[in-house]
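Asks: Quick mapping for you: the protein sequence lines, in order, are chains A, B, C and D.
Residues 172 to 1020 (this note's numbering) make up the first sequence, in order.
Residues 382 to 601 (this note's numbering) make up the second sequence, in order.
Residues 2 to 194 (this note's numbering) make up the third sequence, in order.
Residues 15 to 313 (this note's numbering) make up the fourth sequence, in order.
Worth flagging that the hints you see were computed from the coordinates, not collected in a lab.
Hints may be right or wrong, so weigh each one.
[To be verified] Below, a list of computed lysine-lysine pairs in the DSS-like style, where the Cα atoms sit at most 30 angstroms apart:
(1) A:987 - A:1016
(2) A:666 - C:138
(3) C:135 - A:661
(4) C:109 - A:601
(5) A:1019 - A:966
(6) C:38 - A:572
(7) C:138 - A:601
(8) A:673 - C:138
(9) A:602 - C:109
(10) A:571 - C:138
(11) A:571 - C:135
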Amino acid sequence: MTNGWVDIKNTDMLLIMGGNPAENHPCGFKWAIEAKRNRNAKMIVVDPRFTRTASVADMFCQLRVGADIAFLGGLINYVIENNRFAKDYLLNYTNAAFVVNDGFKLPEDGLYSGFDPASQTYDKSTWNYEEGGDLSGKASSAKADPPQRKAAASGGKPPAPPRLPENPAYDLTLEHPRSVFQLLRKQYSRYTPEMVERITGVPKEQFLKVADLFTSVRKDGDMQKVGTIIYAVGWTQHSSGTQTIRTAAMLQLLLGNVGRAGGGVNALRGHSNIQGATDMAGIFDNLPGYLKVPVPADTDFKAYIERITPKPSKPRVWDSFNYWWNTPKFAVSFLKAMYGDAATQQNDWAFHYLPKVDRNYSWTYIWDNMYNGVVKGIFAFGMNGVAIGPDSKKNIDALKKADWLVVGEIYPDETSEFWRSPGISADEMKKIQTTVYRLPCAGFAEKDGTFTNSARWLQWKNAALPMPGDCRLDQAIVAEIFLQVRELYKKEGGKFPDPILKLAWGYTDPLNPSLAEVLKEINGKTFADAEDPVTKVQLKAGQQLPGFAWLKDDGSTACGNWIYCGAFTEAGNLTARRDSSDPSGLGIHQNWAFSWPANRRVLYNRASCDLQGRPWDPARRQVWWNQAAAKWVGHDVPDFKADSKPNDHMGPFIMNPEGVGRLFAPLGVIADGPFPEHYEPTENPIENPLHPGQTHNPVARRFKTPDDKYGTPKDGYDIICTTYRLTEHYHYWTKNNPMNVQLVPEPFIEMPEELAQEKGIRGGDTVKVSSIRGTYIAKAMVTKRIKPMIIDGKKTFQIGIPFHWGYRGIAEDEGKTQKTLANNLSPAVIDPNAYTPEFKGFLVKIEKA
Amino acid sequence: MSHPEHIIPHGRVLRYNLRERLTHWVAAAAYIYLLSTGLAFWSPWLFWVAAALGGAQVSRMLHPWAGLIFFASVWNMYVMWAQQMKYTDDDRKWWKAVKYYSTNQDDKMPPAGRYNAGQKFLFWGFFWGSIALLVTGVVLWFPEYIPWNLRFLRYLSVLIHPATALFTIGLFMIHLYMGLFAERGAFGSVIRGDVSMAFARRYHPAWYKEIVGESSSPRK
Amino acid sequence: MNPARRDFLKLATVGGAAAALFGFDLKPAYAQLRALKIARANETRSTCPYCSVSCGVIIYTIGDRAKNVTPQVVHVEGDPDHPINRGTLCPKGASLEQDILNERRLLKPQVRRPGGTDWEDISWDEAISEIAQKVKKTRDETFIETDATGHTVNRLESIAWTGGCTDTNEFNYLVVKTMRALGVVHLENQARV
Amino acid sequence: MSQAILRVQKISGHAGSVPGEDTQREYTVCKLIDTTTCIGCKACEVACMEWNDLPFGETVFGNTYQTMPETRWNYWNLILFNEHEREDGSLMWLMRKNQCMHCAEPGCLAACPADGAIVQYTNGIVDFQQANCIGCGYCITGCPFDIPKMNPKTHRVFKCTLCTDRVSEGLEPACIKSCPTGCLHFGSKDDMLELAGNRSKQLREHSNFPNAGVYDPPGVGGTGVIYVLHDASNPEVYGGLPKNPRVPWSVKLWKGPLKWLGNVAMVGGLIGLFVHYLRYGPKEREEEDLVSGPGGGKT
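Here chain A stands alone, though its shape is the one from the complex (with noise of 0.2 angstroms):
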């Protein structure tokens, strides 16, 4: 989230779509039905079901599985030919001006300039700002070819990678035919309400009156109300998932709506601590604090930090804080933090002890390359791969292939005993050679520690009870298997032991380390005495951090991760503070755990406020100039430098290298396309409107094990099947909670009543759902709210399955379920960008069982 929960308070106006909080963050929504309460704000929900929050919307819209960038889209459209865009926003927060490289070619065909069809990627060069600043007003005169950069390959070196020019070209009156705003209502001028209808199936008149209501926030030029948009895995999980999200954000910077106290981009996370796993580089692409990845071409860590860290690109009469620049100190500190004193200057500060990664080995390729024979040995804490999927079938069948599994649980989950899943015969469980060790964790209440939030607090909680049995602590399994290994590799030797004999490990119990004491090497500290340069503020050698701002470069700092700086500090551990005064009355609650980055709660605040720094709104002040002073003040920290003047024209969105709001994804950013594009899902039930000749995403990745197959309507999966959690269930997790059977007890399959009466289909029976992967059985619900749809002209029907059995809980081994996994269904086929599968959208046929 950009805001916070409470934050959603604030609001005017609520898009909620790709996501359903009332089911799945209940105590979330209640700060939206706060804003309908005390602000009259409107809630629109957009969704292919009606909903537990569309039963308390103002307005409902049934949308097709998958087609929420052709909605999204539309909303583009609307926003720019009606006139209903932040105009001083957009100009100076946003790229909107920028010039765009002329080589760029928009999708009409459905691919952008630069594609390649060998090897399915993009060349993305062209997807460039134009160098040579302001042109305002000389749009007629743009013609002469921009400097490119040729890749000249030179001495058997690999070109340059293309880079952002450091002052590029703008017209602020947003006329040049290449300016980003001038694209990008050309991209969406083809997103007309009858294409979105063909699309989405919202029929012309509701998209239009959805339209109207969303963008009335900047009706007739009013800046002062705010609309926020709140999605979740609705959106991520699609082979579109990134792109869709893209849109959500330019339609918000198109409204100014970011960075304001009720607006923002607010994604609601699934899990207690996934934006901690996230920021804490539990994934394959990053180090700590969204650092970058070493890849093999970095021959040094040199090379390494001048590929990660940007060089500001922005009209050289603006200013750019840039604050990436910084990333030496943050990267430097974190090897400190993990080698300590084996990480010095002369080593590198030990840059090769850090694996190299120049492929993907993100979630479904770990079971595509273990299916392949690569991955031999996976351990699986707390994650229950099989009946997490995509495809559960593939994940079972790349467990029978490992040589060991090691499970550590508080529940008997499916991946744990896939050995013995349903369907295994008793002699094929006897050719299964994988030895699979199961060891009983503690549950969150025995454990102390911190977990991130969707609104990135960070907040501590302690132990209650002790465990149960012969449990043990997470850290203490893992500790203890580690130091094992690394005494292993004292004795023994082995393949390249530095790192792991010179990993610091400097805790009081080495075998059970405090996870307090973990938290302040996370927060880090300074090796030597140290001095704020504005402030006069001293440290001395030892001491903790206060804050990222410290980080340096020269091995004087460790830091295990640089956001999480300032969250242990001398001060003590302020993700434990428990003050919940908020004296602005916005929900903001400075003086409550601590939120990252540096105790902030809404990100970009500084665009909160005016070129002047003037709040848009006097009633929602959050941060703003305070001229006596000469710095950013506020009720929130500001997210800004804070003497930077409102003259020197500094953007607000300090982490991209323009400073200012990305309509426009320049080079890299994204794999697919500077601007998002509406492709199918990879099961479509229809060809693209758009372009009928390229119907797919060119560059969404599918897998090829006999495992992986991929459904038609010709082969008679012609019912779009989507998948998601209900709100008494917690994924496969309260299926052991006699309480949450007690409310849901058996998997059941929504479906609407039409397609109920088409199959002969009453409310109860039990029903097949088969993909081409595989089936799933169980009890039909016949419902009002899922409404069959006209896609392109063709009556579609889709149906919905919460995906919260599998074969081991109470009602399983009561015999009560069909032990079937819903993920038997979804495809092994992910986003290009976050590399999240596809779990909704897919295609089935049902029948009765």
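Start from chain A and add chains B, C and D according to the hints.
Replies: Structure of chains B, C and D alone, referenced to chain A:
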């Protein structure tokens, strides 16, 4: 037709055989229990009765069973006496003269058979009353199983059950009064089974004639 | 509420007449309050482990942390001070008591041997030692120091780590440290899916 | 009210005066349920089950999100789900939390014959005292909302207590505390009526619900649980919320006129018979019987 078998030694007449007596007393015991517990549920001022009988929970538990027993004995009475309880012309005359009966001028009464019209009324009153009490009692026994859309059954029952009970209480009081206080010998008749010849002649002259062979209104 | 006061109130609210009859005490108690089950329970502030709203929860356990008591959870409810949930919980948060106190919890380490058809018990020491040996063996057999172009890669593709959604930041950090030190690149988390 | 423990104001099946009746200055507590912001999440159901340590029961899928068809003796709080199509064709998914309404004039209490099995406290809470309950089930008949339910094993009746154990300690009921959207609210009846009124007004003026209103049925003297409904003129669509609930007429008749008639008749009958005996005495003297028998009858 005479029924000399009714005449037993010592000049007495057998009025109720053992089965009849047993049935009567089973019904009486059941009814008294039903009455006591019922009254306890009827009025807070009498709730102590339930406590005295072992607690209100026990009373609530046994009341329906007692009701079944009562009904069974009434049914048995029906089997035994239904024929004899048929309404006759004499009964009509009896009712016309009931004021003499109630003022102890029995000599002005038309002759009654084995059961006079009042007794017949008592019998039928209890018979139909117990059916009503049974039906409504079953509803009240298991109110939780009466579906919501049939709740009118409960509503009727809570009214009919006590109303019927009150009706039977009225009958019961008169019955008790007659048996214990008004008609000397009646009580003994349901204990020992016999009455004196004089009793039979005085209160049930027609019956008397019948058994001694001076039948005026033959019975089958 | 202390017991003495409660008794007093019970008496105070007991109704009138009911004298002893035939030896029965006929006095019904008219306000039999169930004692507040958390009156003297111990409170621990925690965070709900389910979604990302991060509702504050208070875990009530019996005992006052005295040495001779094993705490047992008796109730979990929302933390009214928490700015986001303000004491509210969803049906999952409200059922946390049964998540903590759950007869389905795994209580001892188990192993399923190759070809095995059931779980076998294993001691912690054995399990850790076997796992460590497998990790080392797998790593030694498959560690890649340089790629085809001669670039240093120092990576281990044959071991994967899949982390859960409820792992704390600190645990995740230790995972990153240990796994990256081993060279693990198949490092993923619920965050992806 | 926080420390002002529950005092009894009405007692079922009770002879004599009621301690606490009219002697206590106290405000009436009230639960406000705004159905227009209820998302049917069932947090209240779980909170109720968890706080009251209610044993788990079996449920089966019933083509609905609703947990079970109706409340049970061990499930006091149930959200009813109804798919309702408005006249303009738009769909509504109505969710209504169903539980004891804590009527000001409780039909259950009126119908109950057992001394102290049902009490009403001065703060308006209607509470079942299972120790005094005799299991007759009259409360089931007395309730116009179909709330009291019998435990078939113990034969005692149970229902929502409004968490008397919490309320008496100054806490809000468990369901209220848990409600994520704040569609549940707890406070004095006056305050809740005001809140509900304002919310209804807002719905009428700012949303498409011209008939929004408050449900506080006068037929049972008002309730300790009030609803805000999208359409107060049609409460039946919310899973059969009665439009004008009343204590059943037969219960009123039975507990009112019939009771007096019956008492008068019984006492009158007894007196009448006694007077009759005094006036007329027995039908015959014993000696009469002895001398007039034709067979002598005496041995």
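Asks: So, for every hint listed, does it hold in this structure?
Replies: Comparing the hints with the structure gives:
no.	hint	result
1	A:987 - A:1016	holds, 24 angstroms
2	A:666 - C:138	holds, 10 angstroms
3	C:135 - A:661	holds, 16 angstroms
4	C:109 - A:601	holds, 24 angstroms
5	A:1019 - A:966	holds, 21 angstroms
6	C:38 - A:572	violated, 52 angstroms
7	C:138 - A:601	holds, 24 angstroms
8	A:673 - C:138	holds, 20 angstroms
9	A:602 - C:109	holds, 26 angstroms
10	A:571 - C:138	holds, 19 angstroms
11	A:571 - C:135	holds, 17 angstroms
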